[in-house]
Amino acid sequence: MEFIECCIDGHKYKGVTQEVGLSQTDGPLTYCDKADKNREELFLRALCLCHTVEIKTNDAVDGATESAELTYISSSPDEIALVKGAKKYGFTFLGNRNGQMRLENQRKEIEEYELLHTLNFDAIRRRMSVIVKTQGGNILLFCKGADSAVFPRVQNHEVELTKAHVERNAMDGYRTLCVAFKEIVPDDYERINRQLIEAKMALQDREEKMEKVFDDIETNMNLIGATAVEDKLQDQAAETIEALHAAGLKVWVLTGDKMETAKSTCYACRLFQTSTELLELTTKTIEESERKEDRLHELLIEYRKKLLREFPKSTRSLKKAWTEHQEFGLIVDGSTLSLILNSSQDSSSNNYKSIFLQICMKCTAVLCCRMAPLQKAQIVRMVKNLKGSPITLSIGDGANDVSMILESHVGIGIKGKEGRQAARNSDYSVPKFKHLKKLLLAHGHLYYVRIAHLVQYFFYKNFCFILPQFLFQFFCGFSQQPLYDAAYLTMYNICFTSLPILAYSLLEQHINIDTLTSDPRLYMKISGNAMLQLGPFLYWTFLAAFEGTVFFFGTYFLFQTTSLEENGKVYGNWTFGTIVFTVLVFTVTLKLALDTRFWTWINHFVIWGSLAFYVFFSFFWGGIIWPFLKQQRMYFIFAQMLSSVSMWLAIILLIFISLFPEILRIVLKNVRRRSARRNLSCRRASDSLSARPSVRPLLLRTFSDESNML
Amino acid sequence: MAMNYSVKDEVDGGPPCAPGGTAKTRRPDNTAFKQQRLPAWQPILTAGTVLPTFFIIGLIFIPIGIGIFVTSNNIREIEIDYTGTEPSSPCNKCLSPAVTPCICTINFTLEESFEGNVFMYYGLSNFYQNHRRYVKSRDDSQLNGDSNALLNPSKECEPYRRNEDKPIAPCGAIANSMFNDTLELFLVGNDTYLTPIPLKKKGIAWWTDKNVKFRNPPGGENLEERFKGTTKPVNWLKPVYMLDSDLDNNGFINEDFIVWMRTAALPTFRKLYRLIERNSDLHPTLPAGRYYLNITYNYPVHSFDGRKRMILSTISWMGGKNPFLGIAYIAVGSISFLLGVVLLVINHKYRNSSNTADITI
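Here the protein sequences line up with chains G and P, keeping their order.
Using numbering that gives the first Met the number 0, the letters of the first sequence correspond one by one to residues 0 to 709.
Using numbering that gives the first Met the number 0, the letters of the second sequence correspond one by one to residues 0 to 360.
Hints were generated in silico from the structure; no laboratory data involved.
From the three backbone atoms N, C-alpha and C, an ideal C-beta is built for every residue, glycine too.
Certain hints may be false.
Said to hold, decoys possible - So the derived list for chain P, only partly shown, Cβ under 10 Å to chain G, looks like this:
{"no.": "1", "residue": "I102"}
{"no.": "2", "residue": "R261"}
{"no.": "3", "residue": "Y328"}
{"no.": "4", "residue": "L337"}
{"no.": "5", "residue": "V340"}
Please build the complete structure, drawing on both the sequences and the hints.
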């Protein structure tokens with residue numbers, strides 16, 4: 000956050016650069032034309048006094064109480080920017096001491112003000128005030144707040160010039176605040192003081208009472224000026240948003256800023272492109288008239304018509320539609336939104352809401368400005384309950400984002416200057432907004448693939464484990480005779496097939512992380528829970544059913560012969576089960592090996608280790624007459640089985656047949672990818688010819704270019 | 000300074016979130032594993048790498064399959080059903096339990112001579128040796144020669160655990176239902192002169208079963224003495240110590256018994272009965288000609304619609320006659336090869352048509 004410029008009594012003050020050296024005693028300000036000296040000082044005092052900033056004193060260094068470096072701490076970075084801004088102009092806030100606010104003015108004199116009351120900021124009033132007593136005994140009230148909150152409370156004739164300034168600043172994407180003051184005569188103060196204390200002590204409805212008192216106090220003020228603070232976009236914010244767009248996500252911006260500021264920010268972060276057609280549903284388009292709702296209704300209908308013309312069919316694949324059609328952006332502000340959602344006529348409110356949602360769904364980007372914290376949550380809830388229940392993700396850094404972070408499916412907090420509330424209430428917290436790109440596109444993608452594969456694989460491996468057991472019942476008189484030995488039954492999921500899938504679901508990177516971050520379109524592959532839909536599930540189930548059948552009937556046909564050994568000896572039912580089980584363990588593990596695209600040493604270790612362990616265990620289990628077992632079913636079964644050549648041939652054959660569909664699928668996918676790549680390259684070629692601006696040049700554009708274009 | 004710090008650490012060390020102390024960080028370690036930076040082999044499966052495997056599989060599988068198929072076809076096998084349910088069958092008379100002992104003779108002709116070792120099997124159909132309650136109805140400790148288990152068999156053997164207040168040895172349903180037909184084979188020479196074919200009783204069970212898993216109970220030379228205090232299974236004609244005259248093939252280590260105790264996997268099964276060893280290189284083990292099969296018919300199967308068969312078979316390196324494995328190998332090999340060809344054509348087509356596009360990427 001950086002203090003950019005201010006305006007005092009309609010005179011613009013700008014050009015303060017990073018250098019602090021400008022604060023000279025005699026020529027303090029670089030200005031175009033100058034306001035009254037007293038007003039300047041009053042304005043700067045207001046900036047220095049009207050805030051809740053505290054100073055972090057460094058206790059460790061004893062002696063030097065007046066440390067050269069003052070560290071300001073506040074819940075709001077805006078306030079710090081303002082105090083620092085004032086410092087640049089020569090008024091330095093030195094902190095509180097014994098209830099006295101101390102500041103150093105341009106003449107290096109210390110001024111002390113007794114802080115009488117702080118009328119705290121809240122999101123509904125959108126302003127804050129302090130009441131201070133000067134050394135001379137005058138009682139002053141300083142107020143700063145959003146233009147919409149301050150302008151109605153000052154004498155009218157002062158407003159016009161400042162208003163123009165504020166609007167221009169907002170268009171440039173700065174955050175604006177207006178500063179006003181008022182002198183309170185002692186008698187009045189007595190009354191105010193009483194009222195305030197009474198309200199603060201109230202046991203019932205304290206909030207409302209305080210609000211009412213605040214409202215009474217903050218009237219009839221004199222406007223001094225306005226400030227503009229630049230809330231710089233975080234590093235790579237635009238690239239991140241663009242990547243999210245390309246990944247097929249719909250980006251909605253919910254902000255408390257005023258419409259103009261938010262709009263230009265959206266251009267800066269390329270939520271809106273220059274080609275985007277904006278649809279506005281704000282207090283400006285819906286004039287402050289009696290017939291508000293009619294006007295709203297008209298607009299909604301009009302926008303819907305426009306969008307329906309553009310998208311003739313309600314295309315299901317919105318992602319596709321985005322890339323080919325004119326893009327639309329919707330701007331809606333808090334008051335209009337509440338008008339839409341809480342319309343007075345109950346019958347039509349539903350109607351409004353549904354039309355509004357239809358419009359939203361068709362728009363590429365939606366900007367909601369002047370949102371109260373709870374409205375943000377309301378919007379998230381509304382989107383969550385849309386048809387097809389989309390997955391919502393909220394990301395924010397301030398305390399006012401907490402409600403929406405909690406409301407959405409995935410909440411992400413940014414550990415920022417505005418405190419840690421957002422990060423604390425989030426599912427994931429990241430230090431910078433740009434990390435969202437990697438978080439979603441790389442880690443999100445990988446983790447989704449891993450978890451989806453894990454789930455499907457578990458169903459798969461257990462299905463083809465138990466299907467032969469089921470089929471066996473038809474051949475054993477439905478007597479529930481286990482096909483596998485008890486040790487195999489219990490150890491299958493725990494020992495023989497657990498670690499490979501665990502390693503897979505921890506380590507798999509089927510596509511490189513770098514590729515994933517650099518090509519956001521890859522994210523669309525997994526959009527809409529693609530890997531856990533009916534189709535993939537049926538494929539896995541089919542595969543398991545096929546494999547289970549192959550295991551059982553392969554062995555069944557093998558057992559139609561007199562003997563499988565060259566010495567003519569015969570096998571029993573436990574050998575039958577062991578053959579099936581051996582083929583099963585190898586097939587299931589090799590299937591995972593075929594799926595693994597990222598072979599670390601851990602994968603090698605667990606996959607080959609599991610198989611080796613199975614063989615080792617089988618030898619061991621069958622190698623001893625176990626004293627604690629009632630039946631020595633497995634005694635030498637495995638070794639005897641491996642002494643037969645046909646058995647080896649049969650096991651290899653059955654494993655291969657079982658994996659055949661999987662190998663075939665890989666090859667076919669390969670061919671398909673090849674053709675897809677061909678299509679893609681064709682499309683790319685045509686893209687570069689088309690008028691649609693490609694991605695690269697946009698990335699090079701700077702913020703100022705964008706704002707000029709407005 | 001250093002002193003100060005250490006004291007402070009000690010004071011603040013208690014609560015984990017103490018601001019002054021060494022704050023516990025939850026940041027994952029910067030290791031290759033935790034940061035997902037492990038070096039990895041990333042196989043890229045392209046048509047170029049996968050297609051050759053199809054051809055290789057085809058080229059390996061088809062010869063193996065042909066080899067197995069030919070071997071399997073060279074195996075001689077003859078199967079003779081002697082259940083006797085047909086009135087014309089010589090064994091028909093044995094269906095009624097009244098005739099004991101019932102001996103019937105079936106004659107058959109070998110069109111081709113059987114060379115090498117010949118194996119004689121008996122086959123049963125519709126006999127669920129894999130039924131759950133049947134499979135568990137045995138006591139392996141008893142069979143392993145444990146003297147406690149001999150006199151006090153496992154409860155799993157119920158209801159074939161005790162008979163007339165004496166423990167049954169060997170106990171259980173499996174032992175009780177042991178196959179007890181006697182099969183003899185005669186070659187009919189000129190002038191109906193019968194030459195008995197020597198049938199070897201030993202060498203039909205798994206070595207480990209015969210020598211480790213099955214053991215007679217300890218005691219003196221006399222086997223009857225060792226089995227003292229036990230009784231024979233209900234359905235048996237003779238007690239277990241009278242299964243054979245050879246001491247090495249008597250009692251629990253009787254190989255017919257051991258073979259029977261290895262329960263079959265499927266309701267139709269074959270079990271090895273006797274070996275007919277090749278005696279000289281000059282003459283075939285079983286020359287072509289007429290044979291008599293002499294059956295002492297004890298084992299009733301008609302109550303459960305079972306069938307009894309006698310099978311004579313030669314054996315190759317891959318076991319008995321089994322066309323399945325050879326055909327399966329040939330089929331899989333051919334499919335693999337064909338798919339390889341088809342995919343190669345498709346792949347080639349794509350490469351041709353996408354040549355220009357590939358260059359632009």
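Evaluated hints:
1. Interface restraint check for P:I102: the shortest CB-CB distance to chain G comes to about 26 Å, outside 10 Å, so the restraint is violated.
2. The criterion of a C-beta within 10 Å of any C-beta in chain G is met by P:R261, whose closest approach is roughly 4 Å, and the hint holds.
3. At its closest, the beta carbon of P:Y328 sits 6 Å from a beta carbon of chain G; the interface hint therefore holds under the 10 Å criterion.
4. For P:L337, the interface hint is violated, the least distance from its beta-carbon to any beta-carbon of chain G being 12 Å, above 10 Å.
5. Because the smallest distance between the Cβ of P:V340 and any Cβ of chain G comes to about 13 Å, over 10 Å, the interface hint for this residue is violated.
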